[in-house]
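**Q** Heads up: the protein sequence lines correspond to chains L and B, in order.
The first sequence finishes on residue 562 if you use my numbering, and the numbering steps up by one all the way, no holes.
The second sequence finishes on residue 107 if you use my numbering, and the numbering steps up by one all the way, no holes.
I should point out that these hints are in silico values taken from the structure, not numbers from a laboratory.
Any given hint might turn out to be false.
[Unchecked claim] Incomplete in silico selection of chain L near chain B, CB under 7 Å: (1) G116; (2) F117; (3) H121; (4) P123.
The beta-carbon is built from N, C-alpha and C at its ideal position, and this holds for glycine as well.
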Amino acid sequence: MSDEDVAVNQEDTAAEQDEEQPEQDAKQPEQDEEQPEQDEEQPAEELSEEEQAMAKLKEAISVEKEEIGPLRLKLTVTVPQDTLDERRGDQFAELKRDALVPGFRKGHAPLRLVEKRFATDVGEQLKTQLIGSGYLAAVEKEDLKPLGDPLFWVKVKEERVGDDDKPYKVETEKLLPIDKAVDNMILPKEGPLTFSCELELKPEFELPELEKIPVKRPAVAIDDDDVESELERMCMMRGVFQPVEEGEVEADDLLYADMKITVDEEVIAREENVELAARDLRVKGVPLVGFGKAVVGKALGDQVTFEAEVPDDHENIDIRGKTAQFEFVICEVKRLEVPPIDEEFLATTGFDSEKELRAATRSSLESQLDATINRGMREQIGQYLVDKTVLEIPEGLSQRQTDRSIARRMIEMYQAGIPQAQVEKEMDELRARAHDQAVRDLKLFFILEKIAEERNIDVTEEQLNGAIAQIARQSNRRFDRVRDELSKGEGLKTLYLQLRDQQVLKALLEEAEITETEGPKKKKKVKKKKTAKKKKTTKKKVSRKKTDE
Amino acid sequence: MDIYHVIKRPLVTEKGTHQSQQSHEATRHRRARGGAYAFEVHPEASKPTIKQAIEKIYSVKVQSVRTARRIGKTRRVRYKTGKTADWKKAVVVLHADYHIDLF
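Start from the sequences and build out the full structure, keeping to the hints where you can.
**A** Given below as structure tokens:
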């Protein structure tokens, strides 16, 4: 080791030994002494100094703009060598104060030694800093409003395998996010630092007339019929299926039957005591349309035969598209017995009298209806804003948003246990739909953001905490847990945006021109109830059961 | 002894840097210039051998050499005592026209 050191030093000396050297060396100590004095002033005005540095950088850099698409820009930023050197000097001066070099007390190592020792570290740091702040300075200098993080063009060496199976390296240019790009960039030893990046811009647009937005409010109110049907539904939920010993099968009864399925005279399934309902349903992946009608009127022990087409996406490939014969022998029939509203029923609901129960049901229905109407009106405002605003969305952004929403939906579907084939089929449709939806969502996001900015609508800490507390209450968890969980990801930001959007829409709704319209929903409801109350209740049950399946 | 065995390594330390930059008693006639460089040398190297070695390795003219034997310190690991190695330090004062770039 010692030999190497000595040899290196010998080379150094031989190279640098000229006549002027002694004078330079004599100057060295003076420079070193000046440095700490400058440093001592730094901490006092740190913030303003940072701003000053930014302003300086802004002036120093040169920026070239190039439009490469709708709302997409390519920036080429050049940081001159002077700035580079100055920054490097500053960094070393700062480093000198607490550099630990063996043989020297902390902060007493000469600058030249520190420079030699920490050159690579400082270079890396300087590179990250200059690229980051250089980009920000360029954005400020050109007065741009970027959207999200920029992507940087960098040369990346990639290893590929050639025809003769030998790996070779290719240098390609790639667009990478800053953290990855920095690793692949090289800080020039001499000359200016140049880098180029691509960014998306926030769309510029004019807001439409925000006062007196036409909003239609359906004139619906909760009446006795609604309360009645809600109570019926509550009773039904507490109902129990009881076996029916005699008589015929009625619609929506619960059946237990022995089942045999044949396709092309070959028995493909045979099961005993299969649970069925006396309505259209799906058995073994085959939809039995009209089964409800076919089975009504049969009695215990009767045989029911039924033919149905096997769908093309059935899990068994051999029977796809063929006709399947179903044979059922009814073993047991059960019917739902709805309890009456009596004291026992009231006790389970926690009310003293039927009157109280009705009042409570009415008020809860009313608040539900109110919420629905409000949501509807907010949606109308959203639609108005989207329709009336001319706004272009950067393509990359909308694409990313689309991909995100598709990915989310796909996970949901897999979690729900939907088979792969069906998921893929739906994905294609979804892709087409999701793009439009994503563009609309983004448009609305920008519009609401602009309105919030113009009207100084902001979400306070208390409001945010309130919303978190509500979530905590609903999910029965502790407040701080929920908050921690939200703050881990993008949760808090999303919640903030949600609250802000709500406030904006609420403010717009207050100024909106609301016209009352006949509620179409209500009409239907009334008709149904008047014609057949029973039918409605059974229908509800059907839908509930279907979802259960 | 080979010259590269005589000079083990230059001592880049705070004191060494100071001596190379500031005046010392031995170099008082040259104001504001030290020109004294510290090296770790072979414990048995003499002043003349050190002078020769430095002159050859760094192509400089040596005015004087001061040496010091640094006796190793005793060190204890649990109940066993040991000793760090003895070594020799040489401070080489160069002629006024020469200088060594140690780092």
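**Q** Now tell me, hint by hint, if it's right for this structure.
**A** These are the hints, each one checked on the structure:
1. G116: Status holds, d = 4 Å.
2. F117: Result: holds, 4 Å to nearest chain B Cβ.
3. H121: Because about 5 Å separates H121 (chain L) from the closest Cβ in chain B, which is inside the 7 Å limit, the hint holds.
4. P123: Nearest chain B Cβ about 6 Å off; hint holds.
Every hint, counting from the list given before, is met by this structure.
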